[in-house]
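Fit chain B to the given chain L structure using the hints.
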Amino acid sequence: MKKSILLVFLFCFLLSGCTGYREIERGYFVTAIAFSKSGESVSVFVEAVFSSDVTNEKSERVVLKSVGNSEKDAFESLETSLVKPLYLEHLGTILLENESVENIAFLKQINGINDGACVVKTSDATTLFKNDSPSGILGYDIVNLIKKQNKKNNTKTTLYNADNSCLPTVDFKKETFILQWNG
Amino acid sequence: MVLSGSVNDYKDVKLSGKISSDIALFKSIFSRDAVLRTREILVGGVTRCYLIFMDGMVNSASQGETVVEALIEAKIPAGQKVSCEYIAQNILFANEVNETASLPDMLRAILYGDTLLIADGSTTALTINTKGWRTRGIKEPDSERVLQGPREGFDEAAMFNVAMIRRKLLTPDLCIEFMRIGRRSDTPIFICYLGSLVRENMLKELKARLEKIDIDGILDSNYIAECIRDNKYSLLKTMGSTERPDIVAARLLEGRIALVVDGTPVVLTIPYLFSENFQSDEDYYINFTLASFARVLRWLSFFITVSVPGVFVALVTHHFELLPTHFALTVARLRVGVPIASVVECLALIFAFEILKEAGLRMPQNLGHALGVVGGLVVGQAAVEAGIISAPMLIAVAFSAISGLMIPRMMSAIFYFRILVVIACAVWGLLGYFALASVFVIRVFSIESFGVDYTESFAAPRFQTLKDSLFRAPWNFMKTRPIFNKNRVRKSSKK
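Taken in order, these protein sequences are the chains called L and B. For the first sequence, the numbering used here begins at 1 and goes up steadily by one. For the second sequence, the numbering used here begins at 1001 and goes up steadily by one.
No lab work stands behind these hints, which were simulated from the structure alone. All clues stand as given, with none of them false.
Here are some chain L residues pointing at chain B (derived, C-beta under 10 Å): (1) CYS12; (2) GLY20; (3) TYR21; (4) ASN114.
DSS-like, lysine-lysine: derived pairs with alpha carbons at most 30 Å apart: (5) LYS1212(B) - LYS2(L); (6) LYS1212(B) - LYS1011(B); (7) LYS1207(B) - LYS1237(B); (8) LYS1232(B) - LYS3(L); (9) LYS1212(B) - LYS3(L); (10) LYS1027(B) - LYS1081(B); (11) LYS1027(B) - LYS1014(B); (12) LYS1018(B) - LYS1131(B); (13) LYS3(L) - LYS1237(B); (14) LYS1204(B) - LYS1467(B); (15) LYS2(L) - LYS1237(B); (16) LYS1131(B) - LYS1081(B); (17) LYS1237(B) - LYS1357(B); (18) LYS1011(B) - LYS1081(B); (19) LYS108(L) - LYS151(L); (20) LYS1011(B) - LYS1131(B); (21) LYS37(L) - LYS72(L); (22) LYS1232(B) - LYS2(L).
Yeah, the Cβ is synthetic: ideal placement off N, Cα and C, and Gly gets one too.
Same shape as in the complex, but just chain L (with noise of 0.2 Å):
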C-alpha cells in the first residue's frame, strides 16, 4: 500500500516536467497592453520592462507591436515572434479603442491575463506608447490615476469584468492624463 502510494507520487513529480516552471528574469513583464481596430486588421501595443544588466538601477522599458485579424489572433502572433516570453502577471492596464470596448469579451481568450487590471478606453492607443509618462511605465502610472480617481469621487476601479459603461477614458492628447468617467 505504502510502496503504491509513493510510485504515485513518484509518477506525479516525473511526469509534471516541471510544468509552468519559468524564470523571473527571463521575460517581459507586461505592464500595459493596448488594441487598436482599424478596418478588418486589429493591432495590439504592448508596454513591457525587462532587465538586461544588473548594474542598471531601474529596469529598461520596451514597446511592441503586433497586427492580426481579431486580438486574439494579433496578441498571439507578437507572443510568438517573441524570444522572450510575456509574463501578464503585472499587467497594470488595458486600453482599449473605442470600437474594442464594444465587445471586450475577447480578454478572456488571452491566456494568463491579469483579472486586476484596469481596463481604460482611450480614442487612439497608437499615440498612446508615443507619450511619456510621469513614471516611464504608463501601465502603472494609469493604475495610479485611477486609484487617486476612485479615493477621491469614492468609486470603485473598473476592472476587467467591468461593464462597458462605466469604463473611464483616458485622454492621451493634453499634456496630463486626465481620466473622465463615463455614465
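Coordinates of chain B only, in the frame set by chain L:
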C-alpha cells in the same frame, strides 16, 4: 569450541577447585591480553589464592588497602578451612564483594575493573569492587550550554552517570535496572524510571526491544537508539537524548524512562514527543514569559527554515503574480546574468551552507570563527558580485539557515525537509509546497514513540496539554503530567 567473542561462550565452563588449573584457565582465556595481571597470595600461610585484574582499570590504592593488605595480614584460626565465603566475611575490607560460580560473571568482573579472587579448593570466586579507571570528569556539555541553571553534564562512566541522576531524585521510587548488550562489548546499560509514574507496558516494550538487539558492540547510545526506536527510517527523532542529569531527572519526573549506556555521556529517554524538539533545557530556568516567547520563536523558526527557500523558489519560478510588482522587477534585475536556474542556485546554496557548517563543527573553535567569516562574508559576497548567485536567493537561504540553528534537535531532519520542499516547489510551485506540508502533517500525526502518539499534545489541544508544548506555563499551572503517565496528577488543585 567455536567462539562468538562473548563472555557467554564460557557459560558451561566451571572452576575445578584446583588453583593451578583454574589460574591456567584464566591465563588461556586472556592469553593474548597483555594487561591482565595476576597476584598470588598465601592466605594464613596455607591457602593459595590468586588475585586477577586488569591493569589500569582498578584503583591500585584501594585494592592494596582493602584486598592485598587484608589477605596478607589475615590470621586464620587453626583448622579453619579458607573458603571464598570465609575470605569475604572475615578478611576483606572491600565494601562490595560477591561470590559467584559463573565463569561469565567472573570474566565480566575482571573486564569491568573488579578484582577476581580465586582460592585453592573453591569452585567459586569472589568479585571485589575495585573499579578505578580515569574519567573525563563533570563538565558542562558543549552541545547543551545554558546561561542559567545547572552546569553539570554526564561523562562516559555509566555508574557515575546513574549516581548523578540519583543525586537529583532522592527517592526510593527511582528504579534502576541493569542489563548488558553487545555480543563482544558486553556494554552495561541502566534502565532508570520512577516506579510510581512509569507506564508498565511501555517499560515492558522497551525491555523486549532491548533484548532483541543483536550487535557486536555498543559504543554509543545511538547504536541502541537506531536498533529500538519506532519509525527507524524516519527523519524525525523518536527517542530523546541529553547529556545533562537535570534534563534526565525532569524527564523521569514526567514518567519517562532513561537509558544510561556505559561509555557515552549521552543518555536516551523515551517516549519522545514532537513538541520536545522545540523545548530548550533553559526554558525551565528562566522566567516563563521569556521561555514561552522563545518557544513560539522556535516553532516559527521551524516554519521559516523549512519553507523560506522553497517558497521563494516557487514565487520566482511559478507565481510571479504573488510578488509585489517592484519586488518582482528587483528580483528579476538581480538575477540577470546568473548562469544557473533558480532551483539549482537554491540547492547549491543550501549544500554550501551545510558544507560550511560541517567544516566549522569539526574544526578547532578559533578556526571555526575564521571559517565563518570566510564562508559567510567573503565567499558569499564574492559569489554575488561575480554574478554566480543572486543576492535575494542568498538572503533567503541564509535566513533559512540561521532560523534552523534555533532548533538544534531537528538540525539534520531540517536539512532534508528543506531540500524536499525546494524540489517540490520547483516542480509544482505552491501546490507542491502545500502537498508536501500535508504529507508532513499526516506523517507526523501517524508516528508513535513506544506506544505514545508523537503529537500527543496536539491531538486534543487543551490548556493542560499545550501548557508545556506550544508555550511554557508557570509551574502553578502545571497540574497534570503528560498523558502517557500512570499517575497524571502532578499537583492537587486545592493547593
